[in-house]
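Peer 1: Below are the chains, spelled out letter by letter.
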Amino acid sequence: MVTGSIDFAKYDTLVDQIRSAVGEHPSVVAGVGPFSSLFRLNEFKKPPLISASVDGVGTKPRLASLLRRYREIGVDVVNHSVNDVLTSGAHPLFFLDYIGSSGLDQQAKLELIQGMVDACRDAKCVLIGGETADMPQIYQEGDFDLVGFMIGACEEDDQIDPMRTRPRDVLIGLPSNGLHTNGYSLAREALSIGLEPGSLKDIEFLERHQPELGETLADALLRPHRSYLADLTPFLTKVRSLAHITGGGIAANLGRVIPAGLRAVVERGTWQVPPIFSFIQRSGQLSDDEMFGNFNMGIGMIAVVDPKLATDLMAKIPCFRVGLVERTLNGHDPVAFIDI
Amino acid sequence: MTAILNVLDKSGVGPLASLFALAGYKDPVIAASVDSVGTKLRLAILAGKYRGVGIDIVNHCVNDVLTSGARPLFFLDYIGSSKLSDTAKLELIEGMVEACSEAGCVLIGGETADMPDIYAAGDFDLVGFLIGACERGQVIDASRVAAGDVLIGLPSDGLHTNGYTLVRRIFRIGVGGTAAADRRILDRHYGELGETLVEALLRPHRSYLADIVPMLLGVKAMAHITGGGIAGNLARVIREGLSARVDTTSWETPPLFQFIARQGRVDAAEMFRVFNMGIGMIVVVSPEKADELLGALPGAVRVGSVEAGEPRVRLDPEP
Numbered sequence: 038m039v040t041g042s043i044d045f046a047k048y049d050t051l052v053d054q055i056r057s058a059v060g061e062h063p064s065v066v067a068g069v070g071p072f073s074s075l076f077r078l079n080e081f082k083k084p085p086l087i088s089a090s091v092d093g094v095g096t097k098p099r100l101a102s103l104l105r106r107y108r109e110i111g112v113d114v115v116n117h118s119v120n121d122v123l124t125s126g127a128h129p130l131f132f133l134d135y136i137g138s139s140g141l142d143q144q145a146k147l148e149l150i151q152g153m154v155d156a157c158r159d160a161k162c163v164l165i166g167g168e169t170a171d172m173p174q175i176y177q178e179g180d181f182d183l184v185g186f187m188i189g190a191c192e193e194d195d196q197i198d199p200m201r202t203r204p205r206d207v208l209i210g211l212p213s214n215g216l217h218t219n220g221y222s223l224a225r226e227a228l229s230i231g232l233e234p235g236s237l238k239d240i241e242f243l244e245r246h247q248p249e250l251g252e253t254l255a256d257a258l259l260r261p262h263r264s265y266l267a268d269l270t271p272f273l274t275k276v277r278s279l280a281h282i283t284g285g286g287i288a289a290n291l292g293r294v295i296p297a298g299l300r301a302v303v304e305r306g307t308w309q310v311p312p313i314f315s316f317i318q319r320s321g322q323l324s325d326d327e328m329f330g331n332f333n334m335g336i337g338m339i340a341v342v343d344p345k346l347a348t349d350l351m352a353k354i355p356c357f358r359v360g361l362v363e364r365t366l367n368g369h370d371p372v373a374f375i376d377i
Numbered sequence: 019m020t021a022i023l024n025v026l027d028k029s030g031v032g033p034l035a036s037l038f039a040l041a042g043y044k045d046p047v048i049a050a051s052v053d054s055v056g057t058k059l060r061l062a063i064l065a066g067k068y069r070g071v072g073i074d075i076v077n078h079c080v081n082d083v084l085t086s087g088a089r090p091l092f093f094l095d096y097i098g099s100s101k102l103s104d105t106a107k108l109e110l111i112e113g114m115v116e117a118c119s120e121a122g123c124v125l126i127g128g129e130t131a132d133m134p135d136i137y138a139a140g141d142f143d144l145v146g147f148l149i150g151a152c153e154r155g156q157v158i159d160a161s162r163v164a165a166g167d168v169l170i171g172l173p174s175d176g177l178h179t180n181g182y183t184l185v186r187r188i189f190r191i192g193v194g195g196t197a198a199a200d201r202r203i204l205d206r207h208y209g210e211l212g213e214t215l216v217e218a219l220l221r222p223h224r225s226y227l228a229d230i231v232p233m234l235l236g237v238k239a240m241a242h243i244t245g246g247g248i249a250g251n252l253a254r255v256i257r258e259g260l261s262a263r264v265d266t267t268s269w270e271t272p273p274l275f276q277f278i279a280r281q282g283r284v285d286a287a288e289m290f291r292v293f294n295m296g297i298g299m300i301v302v303v304s305p306e307k308a309d310e311l312l313g314a315l316p317g318a319v320r321v322g323s324v325e326a327g328e329p330r331v332r333l334d335p336e337p
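Going line by line, the protein sequences match chains F and W. Numbered per the working numbering, the first sequence spans residues 38 to 377. Numbered per the working numbering, the second sequence spans residues 19 to 337.
Chain F on its own, in the form it takes in the complex:
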């Protein structure tokens, strides 16, 4: 006889454990467990705008599996979504996750969830539901993919509209704290970190202290994606636009918020590129173009703001003035780099 049923006794414990990690939340009508989760919308004057974002964490889980460090990846997927939702002017309300894997043990799943719960709490939102799928037919043993769905909301009048961007607006760069969640395939190639599960050679290399970094590569590479919610909240209704610097680097992401007829001129050299990027570049003999096309290079978010707000931001939050918006002919690239 063939059997194929799922161990639901185990599943229920996981759900119970998730439920206790998440705790209570006043707006949650039905949380982790039922077919769908329910969330009450209050505190809005008029019908709000709902903002939604879906994100994965790329191939960063590969490193997490190798080092058996999962909590940080949980923080990554939430903060990535928090930052995406921020770009539309919304604040996070609730979050759902998907963990697709093969043979990922319960401890690892709980660590992932703990990271998500912690990051949700920091963002004043709540993990309201999720799905865990064990699929040995798709994932290799120990591998996993992690997907996050974030819902946020804002008053209709508070929606960020990049069309208000003007020539001479200023580009304010907010520092990243590492690679965030992008460029990991290239980084691993550059650092010659293989994919053999449990490779002692790779683990030893990753956990060796690197004086140039002041820490191990493992710590530098697994540092969780930074959330810009706290820094940007006081200014959210005043910015022209926000570009979250993820896959494709500054050019690809800043380009998405620059209207036709304008271009953003990014002045390289106005901020210090953190040592992890130089380390990767040297190890893999990568060109500047490859680096800027794959990594955030130390800038995790760019706020496009009027000159007055730029001065205000420079005084109040850690950031750099990284360039300007200028008029250009239609058809030109929306982002240009100059070296200073």
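Hints in this document: simulated from the structure, not taken from any laboratory. Worth double-checking, as some hints may not be accurate.
[As the list claims (entries may be wrong)] Calculated pairs, BS3-like style, for lysine-lysine (alpha carbon to alpha carbon, straight line, at most 27 Å):
no. : chain 1 : residue 1 : chain 2 : residue 2
1   : W       : Lys44     : F       : Lys83
2   : F       : Lys161    : W       : Lys101
3   : W       : Lys44     : F       : Lys82
4   : W       : Lys67     : W       : Lys101
5   : F       : Lys345    : F       : Lys83
6   : F       : Lys82     : F       : Lys275
7   : F       : Lys345    : F       : Lys238
8   : F       : Lys161    : F       : Lys83
9   : F       : Lys146    : F       : Lys82
[Claimed, not checked] If you only want the chain W side, here are some residues facing chain F, beta carbon under 7 Å, derived:
no. : residue
10  : Ala39
11  : Arg60
12  : Leu64
13  : Ala131
14  : Asp141
Cβ atoms here follow ideal geometry from the backbone N, Cα and C, with glycine treated the same way.
Once you have looked at the hints, place chain W on chain F.
Peer 2: Below, chain W without anything else, positioned relative to chain F:
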């Protein structure tokens, strides 16, 4: 269509997050569900047919959100893959768009990740995320279920999205044979199914939205029959002290399930644990309301009732 008008894209530049105007509600509650298609994907990949699993993922979410009394507003998808062809991605998205349009909601955003380190070439995982809403007073609250209530079963269209790991093992699909051998197994026509195995197995998950929405008033609970079968899912809406008795002779098990049981020599208890056995949704209503629903819902069958006692769900006769 109303939903589509609510999508805000005034800027014309590709946004990082999608925006949706929640208009027309007085005191809205948001319902959210995340689902994946599971191992059915493996069959779709082997067969090179993607549109159906696009429909699957949306309808699975639509049914989940429906169980709380909400109607779908918008949907987001995630496709994690390696070297998945553009044609395949487009077929997936076509399926999702078609199902969204059927459900009166809109595909508002998504993410496509190409990750050769995680996925083998041509493999992918598909995750769907659906947001719905309803007025706070219209939330379906399963705590109102009481002894004497009637269980109404709605027919499924095949396996929906559960039980595929077992099916693959029984028919030895994608378990080390060549692609050509797998195709031969999948493309074989069976008289008792009236179609090929792949047609029977890849039939999309049915949406119950259109049938149930006009009848929502008075529905006490709904159980979407997915992984864990009738007992596993019905138990989620039956509170302690009550017992749902499901008469397993009250509907005819569709040929596909009988065929699977015989081919795999799977006993009936295991069949009921793994598959929906022909019932894709169970609606719990008061006895006064039952006849109206049985008359209005196509293919609806009275499959049992709620009694005081335990266990939460009792299959009778026990399979």
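Peer 1: Taking the earlier hints as the rules, which of them does this structure contradict?
Peer 2: 2, 5, 7, 9 and 12
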